[in-house]
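*Asks:* Input sequences plus hints: build the corresponding full structure.
Number of protein chains: 2
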Amino acid sequence: MASVSFRLAFYTRCSTNTKGKEKNKKKLNCVKINGTKSFSPSKVDLLSQNSGLALTSVDSEANVYIPKEQFRQNIPTKKQLVDPFRQGIIIEEGVGYRQTVVIRSYEVGPDKTAKIESILNLLQETALNHVWMSGLLGDGFGATHGMMRNNLIWVVSRMQVQVDHYPIWGEVMEIDTWVGASGKNGMRRDWLLRSQATGVIFARATSTWVMMNQQTRRLSKMPDEVRAELSPWFIEKQAINEESHEKIDKLDDKALYVNSGLKPKRSDLDMNQHVNNVKYVRWMLEAIPDEFLENHQLSSITLEYRRECGSSDVVQSLCEPQHVELINAGIQQNNYNCLNGYSVSSGILEGNGLLRSLNQRPSSYTHLLQIKGDSKNEEIVRGKTAWKKKVIAAPFAP
Amino acid sequence: MASVSFRLAFYTRCSTNTKGKEKNKKKLNCVKINGTKSFSPSKVDLLSQNSGLALTSVDSEANVYIPKEQFRQNIPTKKQLVDPFRQGIIIEEGVGYRQTVVIRSYEVGPDKTAKIESILNLLQETALNHVWMSGLLGDGFGATHGMMRNNLIWVVSRMQVQVDHYPIWGEVMEIDTWVGASGKNGMRRDWLLRSQATGVIFARATSTWVMMNQQTRRLSKMPDEVRAELSPWFIEKQAINEESHEKIDKLDDKALYVNSGLKPKRSDLDMNQHVNNVKYVRWMLEAIPDEFLENHQLSSITLEYRRECGSSDVVQSLCEPQHVELINAGIQQNNYNCLNGYSVSSGILEGNGLLRSLNQRPSSYTHLLQIKGDSKNEEIVRGKTAWKKKVIAAPFAP
Chain X
0 MASVSFRLAF YTRCSTNTKG KEKNKKKLNC VKINGTKSFS PSKVDLLSQN SGLALTSVDS
60 EANVYIPKEQ FRQNIPTKKQ LVDPFRQGII IEEGVGYRQT VVIRSYEVGP DKTAKIESIL
120 NLLQETALNH VWMSGLLGDG FGATHGMMRN NLIWVVSRMQ VQVDHYPIWG EVMEIDTWVG
180 ASGKNGMRRD WLLRSQATGV IFARATSTWV MMNQQTRRLS KMPDEVRAEL SPWFIEKQAI
240 NEESHEKIDK LDDKALYVNS GLKPKRSDLD MNQHVNNVKY VRWMLEAIPD EFLENHQLSS
300 ITLEYRRECG SSDVVQSLCE PQHVELINAG IQQNNYNCLN GYSVSSGILE GNGLLRSLNQ
360 RPSSYTHLLQ IKGDSKNEEI VRGKTAWKKK VIAAPFAP
Chain W
0 MASVSFRLAF YTRCSTNTKG KEKNKKKLNC VKINGTKSFS PSKVDLLSQN SGLALTSVDS
60 EANVYIPKEQ FRQNIPTKKQ LVDPFRQGII IEEGVGYRQT VVIRSYEVGP DKTAKIESIL
120 NLLQETALNH VWMSGLLGDG FGATHGMMRN NLIWVVSRMQ VQVDHYPIWG EVMEIDTWVG
180 ASGKNGMRRD WLLRSQATGV IFARATSTWV MMNQQTRRLS KMPDEVRAEL SPWFIEKQAI
240 NEESHEKIDK LDDKALYVNS GLKPKRSDLD MNQHVNNVKY VRWMLEAIPD EFLENHQLSS
300 ITLEYRRECG SSDVVQSLCE PQHVELINAG IQQNNYNCLN GYSVSSGILE GNGLLRSLNQ
360 RPSSYTHLLQ IKGDSKNEEI VRGKTAWKKK VIAAPFAP
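Residue numbers (numbering that gives the first Met the number 0), protein chains in the order written: chain X, 0 to 397; chain W, 0 to 397.
It is possible that some hints are incorrect.
Which copy is meant is left open, so a pair is good if it fits within one copy or across any two.
[As the list claims (entries may be wrong)] Computed list of lysine-lysine pairs in PhoX-like fashion (alpha-carbon distance at most 25 angstroms, straight line):
id : residue 1 : residue 2
1  : K264      : K371
2  : K387      : K77
3  : K78       : K383
4  : K371      : K262
5  : K67       : K387
6  : K253      : K236
7  : K67       : K389
8  : K388      : K67
9  : K77       : K264
None of these hints come from the bench; they were simulated from the model.
*Replies:* Have a look at this one:
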């Protein structure tokens, strides 16, 4: 395995000003005018012509011109190898993407480790930044120029995330992401999340994407011009080795836990006016009893998407436990009826370390989010979660 | 005003590996062991001694050792001038902090502009990173070493945020933050959020902080040793010029909009086991009718904190509009009864541009979050929000 190191630079400015005055900057693609409270349209036109500038917002109070979206976003029109602001670089012989991120204070929960929602957000962010760097990004949510010409958007059909370790507040992580073919018309996107300091892999993820016509809302074949854009980026490498997908059973109204009447709020909608993926996961996890969540850590989540969820849908979250926890039963009985048929006292187990491994035996849940209809229910997403018992005290701490 | 530029470097690695093998890194402050599934405590002890390493987590499946929090967080014990991972630098003659951030895909709402919650999150993040860089950060949520010795935590008493422009997805922003004295025992923290490309200021914020004894939950004077830590960082500069604070009226049960039965969820709790500040703001804004939120943009929010909110509290969000929107009344009546007493037809207003300025006239709301008690209610936070009508079409777009 060959590996090279190199240095990236990002530029920033340092001001020694402490007198409360603001710095005044000028760049070619934007203009700021101070001083006068009135102006004529012709003056603005002139500015536009002279600077190649398109103005969209005029604030009469501050006389500040905010340049058009395309200048503010500055989406690359050709492939970039480094992005100093996103702390991203192209890897994997020119087709993969790596971004360095610091786990932020608001991305962690009460136990100071990153929430699963934060990890999902970072996966989305790095995926979009990968497309951003590729020079393929149109004006949509990850759609290429060719997709936009064909009125196509991306739709995720399946996603799986495995978390071995949760990063803590302030920890520096590296996220790698890359894409590959999935059948004839789909795309696979994978991720690896690792500690920047040690290289230890904390999480792995994979997802499958297909294309949908934005008007008809029907799935579409991948047009040749889109395949020509995407296929040079495809590699075979897989973050999670899954020979065959285990199907997720469909739950019905007999599920043990049911949360009804869930309504998306404005703040739950993404750029596509859809309920954000992270909200789905929150709805799923909130159906699990709090006592369980307090003592367990999510180790794996699989999502199978069936249908879009819009802002006016009312959602029901169903959830059914799949494995009884041996450890809880054991504490009550003071002996274990092990999977292999032997019955062992907890004292013996504790002595030889078996207790710890039983303690961490994953429990799993099956989930379903659906729209409750008068005649029939419509599935939004099926899910499966696996859990590990939280380790409270570290066995070898000094 | 003097201003200098300099270059920062951040290090990252580039791998040319496409064969699915993971790189294997070693650093002094962490160890990764592959291969064997069993190990003895003495082996681990040896590792600890030889490398100065403290191990806390052992995963028997992967045989991966995750070093202790202090190594993973790597909090500086003395002042740092640059942080390449956080893209932060010390400014303002050595006492202020500036961080470059890119607005991420999941931080924006359906209109592609950053949500107010995202802006509040970034303010919290940069404040904590400022303390992080200072070398003063203990093991708490922004508390200094001296505060920790005195069992003190920070409590925010007031916060005000003014947003002139909302950044869009992918926009590069600079956030400056600094601190100053507030009375004898308090601290003021201010922020400026500006476009990295143009220097245009998008938002300003100020906040006031006092210290609380973690055990007694009573407010505390600032001990001399803490003053000695903090005061070298104090400057006079203010982001928002407020001569005197306008007090926020207390709402009662007669408020026009009331949302009851709001329960914090596990995902709403921060590192201090408290309901996160951003959740307060969401509860406040969700009490405002959707039709209003769709057409208006928050231009200012002020929060006065009264009491902590814990995970078991059930909260009520009250909200009362403070200004009737002239434009809505005008459309119905086809004339305006202006504030100065003149009645003007909408045609005349439209002709001379007055309509636009009335259109954008801010509306404001008063808010209250409280815990509903049997005998009396307990205030958590009072709030005030000001709003601008959203500008749909740009008047001078080409």
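*Asks:* What hints, given by number in increasing order, does this structure fail?
*Replies:* 2, 3, 6, 9
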